[in-house]
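Use the sequences and the hints to build the structure in full.
Same order as they appear, the protein sequences are chains A and B.
Be aware that the first sequence starts at 1, since it is given in the numbering used here, and climbs by one per residue.
Be aware that the second sequence starts at 1, since it is given in the numbering used here, and climbs by one per residue.
Certain hints may be false.
[To be verified] Label-pair distances were calculated between CB atoms; the ranges are: (1) B:Ile-208 / A:Arg-374: 53 to 63 Å; (2) B:Glu-325 / A:Arg-374: 52 to 62 Å; (3) A:Leu-122 / B:Val-152: 28 to 38 Å; (4) A:Thr-82 / B:Thr-266: 37 to 47 Å.
For the record, the hints were derived by calculation from the structure and aren't laboratory data.
Bear in mind that the values here come from a model prediction, so they are computed numbers and not experimental data.
Every residue gets a Cβ at the ideal spot worked out from N, C-alpha and C, and that includes glycine.
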Amino acid sequence: MTDDDRGTVPPETLLELRGIVKQFPGVRALDGVDLLVRAGEVHCLLGQNGAGKSTLIKTVAGVNQPDEGSLHWLGEEVRFPTPLAAIKAGIATIYQELDFVADLTVAENIFLGHERSSGGFLQRARANREATALLTRLGHGDIAPTRRMGALSPAAQQIVSMARALSHETRVLVLDEPSAVLDQEEVRNLFRVVRGLVAEGVGVVYISHRLEEIREIGDRITVLKDGRTVATGLAVADTPTSELIRLMTGRSIEYVFPERTVAPPDDDRRPVLEVEGLAQAGVFEDVSFTVGAGEIVGLTGLVGAGRSEILEAVYGARRPTRGEVRVDGRRLRRGSVDRAVRAGMGLCPEERKSQGLLLDEAVSRNITVSSMGRFARAGFLDEARERRAAEELTTSLDVRPTGVTRAVRTLSGGNQQKVVLARWLMRECRVLLLDEPTRGVDVGARAEIYRLVRDLADAGVAVVVVSSEIEEVLGLSDRVLVVREGRVVHSAPAADLDESQVLDLVMEGRAA
Amino acid sequence: MTESTTGVAAPLTKAPAADPPPPRGRSTSPLAALTGSGVGRNLGLVVALLILCGVGAATAGERFADLDNALTILRLAAAVGVVSIGMTFVITGGGIDLSVGAILALSSVWCTTVATQTMANDVHWSTMVIAAIAVGAGCGLVNGLLIAYGGVVPFIATLAMLASARGLAEILSNRRTQIVEVPGFDAFFGAEVLGIEVPVLLFVLVAIAGWVLLNRTTFGRRTVAVGGNPEAARLAGINVKRHTLMLYVLLGVCCGIAALMLIARTSTGSSTHGMLYELDAIAAVVIGGTLLAGGRGTIVGTVLGVLIFTTLTNVFTLNNRSISEQALLKGAIIVVAVLLQQRFARRSDSS
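Pasting the structure below:
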């Protein structure tokens, strides 16, 4: 079934979408989308946030029903009234936020909903055996089927999710930003798995913001913009990056990093943020660094190296076992976020939706949540003044769509990130901690966020940026700290490092 | 202020007005748009209440449609109403309290012991008020400490309090009903202002104070934030633990006030006071439109929810129908109200 005689016969068309339109109240999320996925190809779906990628894959997965247009599966027009119908047909979707039951085992998760059983009794041994077979097919026979799902790393969880997809007769696999939570080694591993599947004749729809990944793994590209297909079936090999960016944005831009401020931070002045001997048993050890006013310090390393944990401990969201944090020379109480905020710190957390935002609340309330005191007299809020202040900020940050009373849930990733940044601008914080500030943010909004961070630094804020994208850390920071296995292994001005050096440090712990 | 500012629904309902281009109301039917909004939700409750009043007037005639009867309903609603206002805060903040009835009982017993009554007669009757509120606040404090700082799940912590507080009330009172003989207390709570009794007025005052606190203050805003996304609230610099603690203390205080109302109405303190108040309060809060999962709360909805249940009881009593029938209908109302709410919630989510 999965035999694919490339070269002799044209590759089989698995899935075809023609003129798909999906209307939500007030928004035309999809406005005529065409897509054709063949067996044995990696078809990349590109587009900025809000271009309609999520709506599109939900339509393919049977979560949404298209209002117009047609869906063709193996040459026949079909409808997927439910997600189950799509899965049964052979389309598996792995969403960015993995869905699994953390307290069940790997095998139980793989066969969730179609358990291996006989007469209502579970056949555990058979399930475990078949799970191992599936995992081995993905090159991960090392994941024990009896392990608790929640105990696995995000990368392993993703592999198990793919095994679950394969446990059905899957012919099209949709991966929504699969690399977002992975470090470089894990991404490489993921690509190996994807190539293996493609060789078996599976069609893969691959969504990513990282153009370089698409270069590496993709065969053809479809570009969405404002709910429309602006280009489809472009061969990855013959399409220059600049062309892709132009198609996605409608204008030509590259990753632009704002220029560093020429004058280096004044060494005589006391640094704004001082971290000394910070440690948490088993997580990170002996972390010391300082950040001056106007300086951007980048923290990079593999996922799991302890970057985010260090940031959280500095912010008081995690209680360190040793060490201290000082802001403007004043020592902060360990493990107390509200003290840190009062001392002038602000954090834009890694998980914007679950840690950063009150999704159902208005934009204005998300912005003022950390500085409500400014708008209150004896505890009573002056809402008009609050709204005006929020409006000023959203206008200057160009948050779209405008209107601070709309729920922040309705904004795209980039605009949501701007809202979180606006919160700390409102607070006029002295130290800004950014954890993966551009994750899930499209190319255009990225440049704006970089600009904003640099402007804040120029205004005298001390900034710490955690990012797994080495390019971002090098481009944005003044100084780079490389974290490996819970220790800071290297610290150098960003200008003195290049990408391959950092990569070596990240992987090996020493410069080549 | 209009109702549209009640709870978190406000920004949603205001959004179309602030942004002229995509008017959501146009794509759905006007009725759906109205019922989906904060105003509409409360309007639905008002309609339900009016229907109930219609049924009452039709079946019991003048015995129902009478000012005295209206005051009777309010008098009955007062104690459970005050508890429900407090409960609205706890539920909006992402918690639950099963111990309110028991706290009320303990409060009523503690402030009517011979010792307290003697002191009330010797010093001032307000000793009883202070005792009742202090006991309520104390129980709330224990609940709050266990939940916020001890990491005990609210359901379990307050379940334990439910058992213990009523047990302690029985020990203190020796399971006897304690009759109140404090003239000053009776005079205050028995007084009428413009023909309305003090307990009813207290209920109105607590409701207004609750509305202001939830909708107009930093405390209320933080309550919504803590209930909506505790992690995000914490990382935004809100002291979530302390706030949670305060929510339970606030509810404890409400229980103390409710205990005083019940003492005034029955002239007794008893370990059987406030039986099943936890269920009545939670039911009223939930049919009022407060999200049981936290993050959205409405005081006006809660007040309407309380009035609906109390009026229902009144109509049944006037018609000499059994309590069992009443309970059956109450259950049905809860289910229907929640089902309707979910439909409206889905409709407003999809936009």
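Does the Cβ distance between A:Leu-122 and B:Val-152 fall inside 28 to 38 Å? holds, 34 Å
Given the range 37 to 47 Å, decide if the beta-carbon distance of A:Thr-82 to B:Thr-266 lies inside it. violated, 56 Å
Cβ separation of B:Ile-208 and A:Arg-374, checked against the hinted range 53 to 63 Å: Violated, since B:Ile-208 and A:Arg-374 (Cβ atoms, about 26 Å apart) do not stay within the stated range.
Given the range 52 to 62 Å, decide if the beta-carbon distance of B:Glu-325 to A:Arg-374 lies inside it. holds, 55 Å
Violation of the numbered hints given earlier is confined to hints 1, 4; the remaining hints are satisfied by the structure.
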